[in-house]
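Chains as they are written, first to last, in our numbering: chain S, 29 to 141; chain D, 38 to 152.
Just so you know, these hints were derived from the structure itself, not from any lab.
Hints may contain errors.
Footprint (simulated), chain S over chain D, 3 or more residues, beta carbon under 8 Å [claimed, not checked]:
id : stretch
1  : 68–77
2  : 81–87
3  : 123–134
Idealized CB from N, CA, C, for every residue including glycine.
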Amino acid sequence: QQKVQQSPESLTVSEGAMASLNCTFSDGTSNNFRWYRQHSAKGLEVLVSIFSDGEKEEGRFTAHLNRANLHVSLHIREPQPSDSAVYLCAVSPYNNAGAKLTFGGGTRLTVRP
Amino acid sequence: GALVYQYPRRTICKSGTSMRMECQAVGFQATSVAWYRQSPQKTFELIALSTVNSAIKYEQNFTQEKFPISHPNLSFSSMTVLNAYLEDRGLYLCGAGTGNNERLFFGHGTKLSVL
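Please take these sequences and the hints and turn them into a complete structure.
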């Protein structure tokens with residue numbers, strides 16, 4: 029069964045400093061990887077989706093996937109206090125899995141002004 | 038644009054009663070719909086995945102008898118929490134996907150409180 033783990037559990041950075049979040053997964057055949065943000069027990073906001081090794085940038089958010097190392101990371105450039113939220117890594121098990129995702133436990137990011 | 042609406046946004050029910058929540062996909066065909074639960078202080082757990090032309094598949098620890106799901110067409114799904122108790126509290130999220138797995142949309146969720 030797929031296991032998705034995120035680190036660190038919480039992270040505090042100063043406004044403008046790069047924030048880096050990590051996610052490891054157990055199934056090397058996993059196909060799709062997504063980073064979401066959740067503000068205060070609300071719904072999910074998709075930040076970036078990545079399907080192949082390498083980098084994918086969406087605005088200030090960059091995901092980096094290394095399937096061989098079972099690792100996907102998220103880097104937030106110039107974070108602002110409004111970026112303070114829980115960041116969730118989600119993995120799809122195989123192609124055409126539809127809406128099936130396994131979520132990590134989340135990283136709570138706090139951005140200090 | 039593509040959107041997923043969930044309602045109600047919040048609901049409170051008495052212990053032992055049932056509560057139905059709905060999910061509406063707008064602007065795309067929801068060939069798959071997944072229902073998730075985020076219990077307090079936890080991450081999202083998949084309850085079940087419904088794919089058009091396939092049986093609804095429930096994850097371990099979740100059953101159709103407790104969480105019956107309907108997915109009658111490509112724009113609508115509903116789930117009922119039967120006999121809700123304290124451990125059923127949480128945020129229930131509907132995720133809808135298109136067949137090629139490249140596009141996936143979430144609603145804002147239904148927050149369930151149980152008294």
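**Study point:** Hints that the structure is at odds with (numbers, increasing)
**Key:** none
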